[in-house]
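This is what each chain is made of:
Number of protein chains: 2
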Amino acid sequence: MIETVSTAKAHGGTQGVYRHRSRETGTEMVFSLYLPPQAESGARLPVVWYLSGLTCTHANVTEKGEYRRACAERGLIFVAPDTSPRGDNVPDGEGYDFGKGAGFYVDATQDPFARNYRMYSYLKDELPELIERNFPADMSRQAITGHSMGGHGALTIALRNPARFRSVSAFSPIVAPSQVPWGEKALGFYLGSDRSAWRAYDTVALIEDGARVAEILVDQGTSDTFLEQELKPELLANACAKARIDLTLRMQEGYDHSYYFISTFMEDHLRWHAERLHR
Amino acid sequence: MIETVSTAKAHGGTQGVYRHRSRETGTEMVFSLYLPPQAESGARLPVVWYLSGLTCTHANVTEKGEYRRACAERGLIFVAPDTSPRGDNVPDGEGYDFGKGAGFYVDATQDPFARNYRMYSYLKDELPELIERNFPADMSRQAITGHSMGGHGALTIALRNPARFRSVSAFSPIVAPSQVPWGEKALGFYLGSDRSAWRAYDTVALIEDGARVAEILVDQGTSDTFLEQELKPELLANACAKARIDLTLRMQEGYDHSYYFISTFMEDHLRWHAERLHR
Chain A
37 MIETVSTAKA
47 HGGTQGVYRH
57 RSRETGTEMV
67 FSLYLPPQAE
77 SGARLPVVWY
87 LSGLTCTHAN
97 VTEKGEYRRA
107 CAERGLIFVA
117 PDTSPRGDNV
127 PDGEGYDFGK
137 GAGFYVDATQ
147 DPFARNYRMY
157 SYLKDELPEL
167 IERNFPADMS
177 RQAITGHSMG
187 GHGALTIALR
197 NPARFRSVSA
207 FSPIVAPSQV
217 PWGEKALGFY
227 LGSDRSAWRA
237 YDTVALIEDG
247 ARVAEILVDQ
257 GTSDTFLEQE
267 LKPELLANAC
277 AKARIDLTLR
287 MQEGYDHSYY
297 FISTFMEDHL
307 RWHAERLHR
Chain B
37 MIETVSTAKA
47 HGGTQGVYRH
57 RSRETGTEMV
67 FSLYLPPQAE
77 SGARLPVVWY
87 LSGLTCTHAN
97 VTEKGEYRRA
107 CAERGLIFVA
117 PDTSPRGDNV
127 PDGEGYDFGK
137 GAGFYVDATQ
147 DPFARNYRMY
157 SYLKDELPEL
167 IERNFPADMS
177 RQAITGHSMG
187 GHGALTIALR
197 NPARFRSVSA
207 FSPIVAPSQV
217 PWGEKALGFY
227 LGSDRSAWRA
237 YDTVALIEDG
247 ARVAEILVDQ
257 GTSDTFLEQE
267 LKPELLANAC
277 AKARIDLTLR
287 MQEGYDHSYY
297 FISTFMEDHL
307 RWHAERLHR
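The listed protein sequences correspond, in order, to chains A and B. Heads up: the first sequence at position 102 corresponds to 138 in my numbering, and the numbers run straight through without jumps. Heads up: the second sequence at position 100 corresponds to 136 in my numbering, and the numbers run straight through without jumps.
Isolated chain A, as found in the complex:
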């Protein structure tokens, strides 16, 4: 059961925002979904998942991501979930980088977070099932991407579910949360102090432990203020080289961490995914 929050015609298709009660998070969850004009034919269309970064909701990429034109040209459904459970009854953390708006795409095991912070299972099972039931989505053709914490989400979910996705990319992802302040804080609170439990939610650790995808596309701005301390794409490059994963890592001169960067390269990513989804 989903409730339509809003719809608007855009680039020939429909940009919608929807709300539903989530069994995983125990809360109402909101997501946006762009249905391209090709849906009018009655065909089921491939799906691109976009996972957002710290502090974001579905709205940031929906307003600033500049994806609709490229999706309309290529017949792609674009889904943007929220980044955490929300609501007065949901426990929050201190700071912008943990708690609401910062779910890190994990299933928390620690009190008081374990009840609601189940974004991994929400995105692995619940939301895909809901989308398949309510929209003309061809779930045999899925791609996933995301930004920063959402790039971390895209890479880890793809590595743990490689058969589900035909392609995975990321914009300035957190690639090794176990080794950087953002990740150490969040994974510690959500998963506890035993760091071995963190490896299932760490891209570099997953690859070290044998998880594989065929190829990965990553764009990273060189003027990103989080580059050296939080993002460390060289750790992903090293892990992929050892694992013989075909990583295309593009260091984009002068770009920062914002949606001005994301929107600049969004079409590139959608073209790359479309080539693999339409094969």
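It is worth saying that the hints were derived from the structure and are not from the lab. Hints may be right or wrong, so weigh each one.
Because identical chains cannot be distinguished in the list, a pair is counted as satisfied if it fits within a single copy or across any two copies.
Below are the SDA-like pairs computed for lysine to any residue, each with C-alpha atoms no more than 25 Å apart in a straight line [unchecked claim]:
#1 160 / 48
#2 268 / 294
#3 100 / 217
#4 100 / 66
For this one, chain A is given, so just place chain B on it according to the hints.
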């Protein structure tokens, strides 16, 4: 003298936000300006002005307008001014449709608004001079467009200064403010009860009174909730027909009044302006 609020690389160019003290409004004014990558060559580039609608600042189109890709491809500078003076000392109106965020691009003559609400002169003289001094702008090649109240601004400023602009277009413009509730309220407060003074700020009246441009492009959504009461594009069509102005009025099926509509047709407008600016 301008102060840089922020800059970010985007689509190979620079999206900036700038602040300056305005002699016209007596306040600090903020605007955004996108400098496309062609500026690196040292050449002076044509300028597209975008005037925003009720409640907006420079930020709405800067975040949601999806203009940068098209400007980068075509070498266009894109300037987005604010819609009114701002600040604690600026008198405000009641409601969203008058006062701050709703300057209607007029020079007010009525107290207490006359001191600050001088958006017409600000856009006619002060801001163009500032832009020419601070950016590589070729002021012999200017175009102007806008949305809703900003479409009204674009059309009236172009009709009153036809030699300045090579082209003018609008998204869902208020074309006859003297004949609709939004305009009657705002022009009454800013200009007083003598309606003859309103004609200089009314597109249809200006055309009736002999003002001319060669051609106008207008897109208007058919599902726009303001269409019948506030926008009335048929009044523009009638006035242009009588005046032999070449109006392209495109009624866009199913589109509303939002940035989902604007961003869908932004590239069309920029292509249309670029053809005239690069002639």
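Results of checking the hints against the structure:
1. 160 / 48: Answer is neither; intra-copy 30 Å and inter-copy 36 Å both fail.
2. 268 / 294: Answer is within; shortest intra-copy Cα gap is 17 Å, inter-copy 39 Å.
3. 100 / 217: This pair counts as neither: shortest intra-copy Cα distance 27 Å, inter-copy 32 Å.
4. 100 / 66: both (17 Å within a copy, 20 Å between copies)
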